[in-house]
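Using the hints, position chain V against chain L.
Here is what each chain is made of, one letter per residue.
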Amino acid sequence: MIDGGGIIKNSSRPIKVLVAKLGLNGHDRGAKIVARALKDAGMEVIYTGIRQTPEQVVETAIQEDVDVIGVSILSGAHISLMKRLIENLKEKGVEYIPVFLGGTIPLPDIPEIEKIGIGKVFLPGTSLNEIVKYVYDAAIKKRMKVRD
Amino acid sequence: MIEEYIYEYIEKAKKNDKGSIGRLLTFLESSPSQAFKVLNIILRNNVGKAHVIGFTGIPGSGKSTLISKLIHQYIKDNHKIAVIAIDPTSPLSRGAFLGDRIRMQEHSLNPNVFIRSVSTRGLKGGLSFAGVAMVELFDYLGYDKIFIETVGVGQAETDIMNIAHTVIVATMPGVGDEIQVLKAGVMEIADIYVLNKSDKEESLKTFEYLSFIIESGEIGSRVGWKPRLLKTSALMGQGIQELRKAIEEHLEYCTSQGYFNHKINLRRKTLVKLFLEKTLLDKLSEEFEELKSMDIEDFSSQLDILRKKIENFLREFDKYT
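If you're matching them up, the sequences are chains L and V in order. Here the first sequence stands for residues 1 to 148, where the numbers follow this note's numbering. Here the second sequence stands for residues 1001 to 1321, where the numbers follow this note's numbering.
Pulled out of the complex, with its shape left as it was, chain L reads as follows:
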């Protein structure tokens, strides 16, 4: 665990991340562990709980004004759910918020998911440090993009 590794130096606020479980699947051990690692790295983590729709996730991201969205899917419906999520982000004009995906995603699906506009796919066995580092970089890039 890299304590404090997610803190932006000289920033007036911590990185804020939304961790969400999308679709009809309730296995949230993975999402909670990732949420905890991000918290331990010094980030503020909003956890939505299970069985969320893409619309709910986008609306929550907007109201909470998060820097990054992390989604966990184990149900197999990742392609259609992520498509809807990205479409919804565009519809609401917040497509600048980076999205990463974690879960049991078959390797052949990854190129298609990346084409949809997902920043990164993390498969089982990924180290928590790697996820923290990705979120940190993605948040900084996003804040620069919106001059925030």
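Hints were generated in silico from the structure; no laboratory data involved. Please note: incorrect hints may appear among the correct ones.
[Claimed, not checked] Just the calculated beta-carbon pair ranges, DEER-fashion:
1. V:Glu1242 with L:Lys133: 50 to 56 Å
2. L:Pro111 with V:Ile1310: 21 to 27 Å
3. V:Lys1015 with L:Gly76: 38 to 44 Å
4. V:Leu1306 with L:Val146: 35 to 41 Å
Since the model is a prediction, treat every value here as computed from it, not as a measurement. C-beta: ideal position from N, C-alpha, C; glycine also.
Chain V only, in chain L's frame:
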């Protein structure tokens, strides 16, 4: 930060553009100088109209779930509802796990409901400056029922009584006897006590402890209002209508006694106090970080260095805002 856009965000936020509201809330929880710029605009000629309802009480007593059930009641009557859910910041990592929202996610797509999670960022008293500043923004934008849920640390958390018109303290069965209830602090401040999870065993006993103490006037009595004690089970949806009724009765009491505006006044004074507190504490922590790397061991010289830094800072305070 894009401060020149604050006016634009405010105009859009008035039309209930959730993205703009979200951004303004972020300004309020960023540096004090950014928050100052927003507050300076929204507090100009603004009398304050919203009914602010504070929820506090021990962790796990069901505050978030109770609020979620109350939202169901209130949206039927076309209220605009804001929820400010405060959770603690980790003293170890400075991160936070903000989980109150989970219990309210069913309302996330309702255009008349806005939910925002806030962390305490290390301030004591359970209420952060940002939380109170957010009340002002929601009030300005026409949200007329504003719920603040505090961290629920227990006995020390009494700031809420300076912020909310109606204070609700939630507790649950089996958390202690009447001695616990009599202890000074959070148990003294409620206008309405809620014994949640009353479907559980032991609820009768806890209810009796509480009602004895309230009946005998040992806690929470004020002129013209005797604290209510209600049994609810948020999960089973029991007692929620009664809770709403009690909240509305308390609002009527506040209005008829002139406490409504008095509370708004008090809230704005508290905001000033919390603003200064945050500004000074931020500065102090910053200087302390620097002190840590210095090679001075003597207590009074260390104190002297910090004191001088703070004095200089105060002298230039007007530049800061």
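To see whether the hints hold, each was checked on the structure:
{"no.": "1", "hint": "V:Glu1242 with L:Lys133: 50 to 56 Å", "result": "51 Å, holds"}
{"no.": "2", "hint": "L:Pro111 with V:Ile1310: 21 to 27 Å", "result": "57 Å, violated"}
{"no.": "3", "hint": "V:Lys1015 with L:Gly76: 38 to 44 Å", "result": "40 Å, holds"}
{"no.": "4", "hint": "V:Leu1306 with L:Val146: 35 to 41 Å", "result": "37 Å, holds"}
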